[in-house]
Structures are given as structure tokens and as C-alpha cells.
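J.: Residues per chain are reported as follows:
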Amino acid sequence: MRLLRIVPDDTTFDFIRFRRISFPISALLSIVALVAFFTMGLNFGIDFKGGTLLEVRYANNTLNIGDVRSRLESLDLGEVQIQEIGGDGEVLIRVAQQPGGEQAQQVVVGKVRAALGEGVEYRRIEVVGPRVSQELLSYGIVGLMMAVFCILIYLWFRFEWQFALGASIANFHDIVLTIGFMAIFQIDFDLTSVAALLTILGYSLNDTIVIYDRIREMLRRYKKMPTEELLNASINSTLSRSVITHVTVTLALLALVLFGGRAIHSFSVTMMFGVVLVGTYTSIFIASPLLIYLGVSTRAMAEKAEKEAKSANSKAERLAP
Amino acid sequence: MLYFSKWKAFAILAVSAIICLMAVPSLLSQSAYDSLPSFLQRKIVLGLDLQGGSYIVLQVDAQSVRKIRLEQLRDDARRVLRDAKIGYTGLAIQGDAVEVRIRDGQDVEAALTQLRTLALPIGGAMSTAGQLDTDVSRDGNTIALAPTSAGVQSRTIQAVSQSIEIIRKRIDQLGTTEPSIQRQGADRIQVQVPGLQDPSRLKALLGQTAQLTFRLVDNTMSPQQALQGRAPAGTEVLTSQGNPPVPYLIEQRVLVAGEDLTDAQPGFDPTTREPVVTFRFNTNGARRFAEATQANVGRPFAIILDNHVISAPVIREPILGGSGQISGNFTVQEANDLAILLRAGALPVPLQVVEERTVGPGLGADSIRAGLIASIVGATLVALFMVATYGLFGVIANIAVAINVGMIFGLLAMLGATLTLPGIAGVVLTVGIAVDSNVLIYERIREEARAGRSAISAIDAGFSRALATILDSNITTFIAAAVLFYVGSGPVRGFAITFGIGIMTTVFTAFTLTRLMVALWVRWQRPQRVPI
Chain A
1 MRLLRIVPDD TTFDFIRFRR ISFPISALLS IVALVAFFTM GLNFGIDFKG
51 GTLLEVRYAN NTLNIGDVRS RLESLDLGEV QIQEIGGDGE VLIRVAQQPG
101 GEQAQQVVVG KVRAALGEGV EYRRIEVVGP RVSQELLSYG IVGLMMAVFC
151 ILIYLWFRFE WQFALGASIA NFHDIVLTIG FMAIFQIDFD LTSVAALLTI
201 LGYSLNDTIV IYDRIREMLR RYKKMPTEEL LNASINSTLS RSVITHVTVT
251 LALLALVLFG GRAIHSFSVT MMFGVVLVGT YTSIFIASPL LIYLGVSTRA
301 MAEKAEKEAK SANSKAERLA P
Chain B
1 MLYFSKWKAF AILAVSAIIC LMAVPSLLSQ SAYDSLPSFL QRKIVLGLDL
51 QGGSYIVLQV DAQSVRKIRL EQLRDDARRV LRDAKIGYTG LAIQGDAVEV
101 RIRDGQDVEA ALTQLRTLAL PIGGAMSTAG QLDTDVSRDG NTIALAPTSA
151 GVQSRTIQAV SQSIEIIRKR IDQLGTTEPS IQRQGADRIQ VQVPGLQDPS
201 RLKALLGQTA QLTFRLVDNT MSPQQALQGR APAGTEVLTS QGNPPVPYLI
251 EQRVLVAGED LTDAQPGFDP TTREPVVTFR FNTNGARRFA EATQANVGRP
301 FAIILDNHVI SAPVIREPIL GGSGQISGNF TVQEANDLAI LLRAGALPVP
351 LQVVEERTVG PGLGADSIRA GLIASIVGAT LVALFMVATY GLFGVIANIA
401 VAINVGMIFG LLAMLGATLT LPGIAGVVLT VGIAVDSNVL IYERIREEAR
451 AGRSAISAID AGFSRALATI LDSNITTFIA AAVLFYVGSG PVRGFAITFG
501 IGIMTTVFTA FTLTRLMVAL WVRWQRPQRV PI
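Quick note, the sequences are listed as chains A and B, same order. Position one of the first sequence corresponds to residue 1 (full-length UniProt numbering), numbered consecutively onward. Position one of the second sequence corresponds to residue 1 (full-length UniProt numbering), numbered consecutively onward.
It should be emphasised that the hints constitute simulated quantities derived from the structure, not laboratory data. Heads up, a few of these hints could be off.
Residues from chain B that face chain A, not an exhaustive set, calculated with beta carbons under 8 Å [claimed, not checked]:
1) 3
2) 5
3) 199
4) 352
5) 360
6) 377
7) 447
8) 481
We put the beta carbon where it would ideally sit given N, CA and C, even for glycine.
With the sequences and hints as input, model every part of the structure.
T.: Structural data, given as C-alpha cells:
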């Protein structure tokens, strides 16, 4: 049987020189993402904004969306979003947070129930009060920062500081682009989005580290090779793995996007963007070329190794009487 | 890297098999599960988003804890000063303190000594910390008693513990399976009730303080007059819960309270066939109720629940038997719920619902189906791709991934963890990333072979070099999962758990099972060239 070979053996693509194109592209995309974030803003779900969400179903084509709308608008509950979902007589109703503290939120569900009357199946009801939504938001932000920080520390211990910094910049780039994506397409931003962002972080790093690992190995082995050539060789030799792994992750995510159900749809879509489009691109075109600017070079490494050897020697001399 | 002693190989297989088998009890029917020995009775709990149910977070309001403490201090101060025969004026709650003016300057020191006895050490008399729950301070002839924030905090924590007990009693009466009631932080209670159709009844049961009192109705003036003018001292106007609410002028003095009930049951009035709640007092309550009704025949008394008048019947004859009934135009369910509330007792403080998430059984079943389909499709696509890319080695990778997934479920069951829909997504993603470890190994083997090594030496070097990378890359992903576990709650935490466990099992299978299978194949085939 002939095996599938997506990436030919011994590719010699000049990724490092491509940075003259990829860096400006990334800078541009990041600016677009930031502009989208500040102008359009994120579509915060009730987790972070507070409020009430109801998912209801009308059996056997009894749904009349106009009727639902007029019934709910007569309640005077402030901003009410009504959205038909699926084709099964299902409606998503979002009521903005009511003024008047925790107690005021509790009345909404009762009012909506009374307005919609009988013959409605309540599939999901979520009420998040002002206090909890505030906390969840700060937990989310703290969590993201904590993750980046912990990973930075780990990488610093495990690699040289240049690698840790490079990975963190790449990381930041991933988060910015993904948040921009969520702002542009107004994808619900809730707790599962934080989960998606953290997972994207994990995946992107996973990729970056595979390449960094190889760079480190090559640095130790080929002390005379020019830095750019060495970085290119490292990326090229791991290219087949990068591509194959991305195919498998994409396949898994595709299944989640297509069949995973609405409850995790925004999660799956965000992951698809972050992992498949951004994550791989970042590790190859951003994280690795960045190392040049951060002062990783074969010469520096050779000097350092020499110094270490010397100090080891002098130590040995001192020890030998 | 390719040599395994028999014992080591056996140990690897045994550990993998045992962990996988731990998942089996979760698949059994309830009766088969119950017949297992207790150490095997560990299974995966489906999250509320999959089995349907309600998740409610209640909060004890520190402000109302403070208010209750202030009222208590005011009443105690009055009693203490009266007992010590010290003259005072203007005893009242002023902001966050109770203030009182001592009439005679010579009595201030004595009053101070007396009032200081009201400040109690936090954590009970046995506490060694020596912090008091109340600050007693003097300003001229005025003495102020202010609850300290540490005191309020410790009372809040106490209120949460007491509330948990009472909530448990109330929910147990609903007859639902496996409700979970837990403290969350210092001032919150998290209630999870699976399989509940209608959360409004649950919330009604949780949201009521259920403070029941029997008090006399004041007939000296009409409630309207009292509302417009000045209500007589020691009375207040309370309303009924109906629409429109009917006002009553009620004495503040409590004849008997809910604490003195020993039992409450829903029933029907024998003559009117109306749903009622019948109750029985304990000895103390029965005696007090008997005395009160004997002294007030012909006057109405009110039955009051959480500051609402349920009914105000006229006392026709002394009630001596220590039992009675409450009628108040109840529906059968209302009578039922009131009986539950009275049996379980009153909450020490009012609770607020700060978060509620309910998933109906229909949506839960849909989510299970969606998760199942996505898992099967995802796993199949990945497995086919691996075989297409690596042939026999792809099959080995797929076996490793299958065992990997089995181990994830086994570990979930051992931990009694909760499986949520995002959790299922975590498993699907693990399948995607678990093959990555195989890809790393295989690609490395190919590289080594291309560099001119012999097949066996290439495989050996491939493993040893790839494993270091696998470890590094997975630790960082694991850090992200661990942070997510700490930050997230509910379904998101479910994702963090499966994702984190998935990373661990992935590293385990890469280091052991994949290597073992390849080693066995190498020994059996003695390959001359690498087959990938």
C-alpha cells in the first residue's frame, strides 16, 4: 500500500526570509483585530454581562416568531434579543440584566413564562446576577494572564529566556488575533470562550515548543551553521509533523463544529480559527523567526558553551592539586 | 529504547487494562452497578448539561446578617440595661451600630460593664484568638455597640452552614435523586439538583426564609388608620400575599414561633375539603399557645410567614391540644410546600439567588447525542487518516489512542468526575492531540532513517529523541488545563478535567504502549527498512 505523503521529504523552504512578509502581515492583522475589539467590541454572553437566557421550543411548527417578539416586547424588560435557532421551532431569548440587583433578575423568567403561555418546552434557562457576572469576568481575565505567566516561567526554566520570550510574544499574537476574530464575527464570548482561548494557547505553544526543541537540539549539534540556515532547517525538518498533526486536529475539530451541537458551537468555531489558522502559522512564521531578533544565534551559543567549558575546566584545575 | 523486560511489559499492560476496566461500571445498568462490591462502585457522573437539571447558587447577604445582629444587639441592650435598672433614652440602630444614651452620667461606667458582656468572642467561648464580635465604645453619655466585620463574617459562615442543613432537609422532601448541596466560598451555597423538570418550585422552596410566627391582631384601630397616622407602640402593619394585599395591624410580640413546631403535614379540612397544613407544637409551644388562646378568646390572631399574613382566624375557644391547622386558600402543592418548609425549619438569614442554570431533559439528551456523534465521527476521521499516512504504524497509533480514551474514562470514573458536553469536546480534542505524540515519534523515525541509520537504530533513536519533545510540549498544554480547572466552574471545569487527564494519559501511552507495540513488532519482523 502506498502511504499518503502530504509534505515531501527534505523541503528547503526559506521560512526565515519569509518573515519580511509574515511580520508585516501579522502586524496588520493584529491592528485589524485590535481595532475590531475596540470599535465593535466582544459579544459578551450572559456569563460576563449578567442577564437571562432562555431556550424554548415550540412543538410541531407552532412557532410564530413575530408573535413571540410582540409578546415579549410588551413586557418592558429592556433589551430583549430573540433569535430563531435550528429549524425545529427553537428560539433563543436573551434578556439584558435588569436594574435593581440580584432580586430583580429573578422576576424575568416568571414574566417570560407567563407571556409565552402554555405549549412551550423550556430547554434551557440561565440567569446570571450582576455579582456573579462581575466575578466570572475577572476570573476569566486573571486565568488567561495566569496561564501565560505560568507557561512563561516554565519555558524560562526549560529553555533560554529568549525562547520563553519568543513563545510569549507568539502567544499574545494568537490571543489578539482570536479575540479580533470573535469581535468581527460577534461570536458569543462566555466562559467556554475563555476555555477555547486557553486551549488555543496550549496548542499553539505545543507547536512552538516542538520547533524550539528542534532548534535547541540543532544549536547544540551544529555550532558553525549560520543562524538563519539553522532555523530554517529546524522548521523544515519538523514541517511534516506540523502539517500532519494539524490535519488530525482539524479533523477532530471539524467533527465538533459539524456535529457537536449548539451548546459548544461557538467554542468549536473559535478553536477552529485559533488552532488551525493561527496556531500553526504563528509557530512557523512568527515564533521561530522572532528568535533572530531576540539574540539567539549559533555564535552566541558557541561562545556560551565555550565559557561553560572553560569554567568547568578551571574548576577542574582548581580541584586537581 | 526498544527493550522491555517481561515484567515491565506485563506491568504496562496490566496498568492500562485496569484503568480501562474502571470505566466499565459506568456502562452498567443501575441494578448491575448496585451489585458490584463497594470499591468498584465508582462511576462517571453526567453533568447537569447532559442529564438535565438545575444548578443554583444562593448567597447569604452579609448586609442582612449585620442587620439581624444589630436588631439582636438592640434587644439585648434593652434587656441588660433594664435588668441592671439603668435609665436610658434613644436606644436605636444608627447606621452600622446600636446607640443608647445613658440618662445619668454616674451610671455610664456600670452600663458600659453591662453592655460589654454582649460582645462575644468569635468562634465561641473556647476560641483563643480573643477577637470580639462587637465593638463597645463610649462618647460622653452615649454608648455605641458596633458589630465588627470579623464578627459579621463569622456569623455569615455560621449562617451558611445552618442554611445548608435546612436546604438539604427541604430538598430531600422533593424526592429527587442525588441532589448536591455545597458551600462555595465564604458566603455562598451551590445547589445542584439533577433531573428536575421545573426549577421554579425549587427556587420557591429555597428562596423562602420560612419564618413562621403566631401573633395577635391589634383591634384598637384599623390598619388604614395605622398606616396614615401612628401605629400603636409594639405593633406593625403586615399584608397578606393575595392580590390586592390586605393589610393587618399586628402586634410585634410573638406568641409562638416556627421553632416550636414538631411536625407539619399537608391535609384537607374535613368540612370545607380545602387543602390545609396541620401542625403540632412541642410541649413548650403547646403550653404557650394554650395560655395565649385562653386569654384572648374572641380576638383574631394572625399566622405570619416571612412577614406576610397567611390567615387571621378568630380564636373561638382555647386551643389546648397543642395542634392546629393553617388554611389560606392553598392549592394542594402550596399546602405541600408549606408543610415541607415548616418541617425543615426557618433559614437563619434570607438567601438570594445569584446564579441559576437549568437544562431541560430534552436538551440534555440532544447534547449527549451530539457529543456521541461528534466523538465517533472525529475519531473515525483521525483513525482513517493515520492509517492512510502510516499504514501499520497508523494502526498501532490508533490502538494506543483507543486505549488512551478508555483510560481517560477509567480515570474519570475513579475520580468520580463529572462529564459535561465541553468535557466530551475535551475527549475529542485529546484524540486529535494524542495522535500527535505518535506523529512526532514516527516523523522522527523517518528522519533518522533518511539520515542513513538502519531500521532498528532509526526506530530506537526516533523514540528517544521524540519523547523529550513530547514531554515538553505536553507540560505546557497541561499548565493551560490546570489554570482552566482553577478558573472555570461547571461545564468549563468539566472540559479542564478531561483535557488534563487526556494529556496525562497521552504522555503515558506514548512512553509505554506505543513503544511496547513497536518493540514487539520489531522483534517479530526484524525489519530491514522503516515501513513509513
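J.: For every hint, state whether the structure bears it out.
T.: Hints, verified against the model:
1. 3: violated, 24 Å
2. 5: Violated: closest Cβ of chain A sits about 29 Å from residue 5 of chain B, beyond 8 Å.
3. 199: Interface hint status for residue 199 of chain B: holds (7 Å vs cutoff 8 Å).
4. 352: Where the cut-off is 8 Å and the nearest Cβ of chain A is about 5 Å from residue 352 of chain B, the hint holds.
5. 360: Where the cut-off is 8 Å and the nearest Cβ of chain A is about 5 Å from residue 360 of chain B, the hint holds.
6. 377: Given a least distance of 4 Å, the restraint on residue 377 of chain B holds.
7. 447: Check passed: Cβ of residue 447 of chain B comes within 6 Å of chain A, closer than 8 Å.
8. 481: Constraint on residue 481 of chain B satisfied, holds at 7 Å.
Of the numbered hints listed earlier, those contradicted by the structure are 1 and 2.
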